[in-house]
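> Fit chain B to the given chain A structure using the hints.
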Amino acid sequence: DGGITQSPKYLFRKEGQNVTLSCEQNLNHDAMYWYRQDPGQGLRLIYYSQIVNDFQKGDIAEGYSVSREKKESFPLTVTSAQKNPTAFYLCASSIGLNIQYFGAGTRLSVL
Amino acid sequence: RKEVEQDPGPFNVPEGATVAFNCTYSNSASQSFFWYRQDCRKEPKLLMSVYSSGNEDGRFTAQLNRASQYISLLIRDSKLSDSATYLCVIFSGTYKYIFGTGTRLKVLA
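These protein sequence lines map, in sequence, to chains A and B.
At position 97 of the first sequence (counting the first as 1) the number is 1217 in my numbering, and the numbers step up by one without a gap.
At position 33 of the second sequence (counting the first as 1) the number is 96 in my numbering, and the numbers step up by one without a gap.
Please note that a few of the clues may not be correct.
Claimed, not checked - Heads up, simulated BS3-like pairs for lysine-lysine below, C-alpha to C-alpha not over 25 Å straight-line:
no., chain 1, residue 1, chain 2, residue 2
1, B, Lys159, A, Lys1177
2, A, Lys1134, A, Lys1203
3, A, Lys1190, B, Lys159
4, B, Lys142, A, Lys1191
What the hints contain is simulated information worked out from the structure, not anything from laboratory work.
This is chain B alone, in the form it adopts within the complex:
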């Protein structure tokens, strides 16, 4: 089993739709969780950290389920500018960040 798994997509959704991605992880001792956004041929940029209680930033909501070992990202009212690849990143300690392969989102006009 991979340490971090994401559905590669692509998820093709119309503008204004709500879309959700999940990311599963195998190390139950994982400490910190993040969602990054990566545009084509660009560097990853932090979208949001993920907390146990769940957290929201505008149209974006992140959740952590430690019991089932997954994190999720919900995007409401999708915009064309949300089209990108979303990377799940898990910090497992000792400077070890594990990156998922990313989920590609295309928002269609």
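If we strip away everything but chain A, and leave its shape as in the complex, we get:
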């Protein structure tokens, strides 16, 4: 089955710790995205990548980092500089400028 796989489903971060969220897709999509969703708010773009080895900051990139070494993979690191990391993180992909498909998400909480 083609799709986007995010792991883990739940993640807990200790203060001062960096954590990495995984996103893998087998849809052969060029573009990949990371969003954050907070209660009562729309999805906000953290980073996006159009092609391998290239990525761009979104609206709320501070405290986050990404890499795109393979077409299939777009991991997101939530660094200790992100002071309010508790949220639902969604990874998406698309072919060009078209419909986005989402992974099942990762819920990050702070211990």
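Okay, now just chain B, sitting in the frame of chain A:
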């Protein structure tokens, strides 16, 4: 003015009812329009794209009004399984998708 605005609801409707949601957008240069469905604590899933001529998929009809800058979603013969949050998504170019905060629908037995 927000880039995309939706009435948060909830819209509580009985089974079999017809319900409609609107979504307004501020960027007149917006290129593509979508409705997504999001169940509680799940990821958004594409419900339908929205075309200028309007389009229908079973009980769902979507319309785009570029002059007034809004899109709409009409659900006929509501089912209990239609209960969800409906997200309006506008594509404005350069990989920029703008998400509304969603309209919550509860279909009551």
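> Check each numbered hint from earlier against the structure, then list the numbers of those it violates in ascending order.
Hint 4 alone not satisfied by this model.
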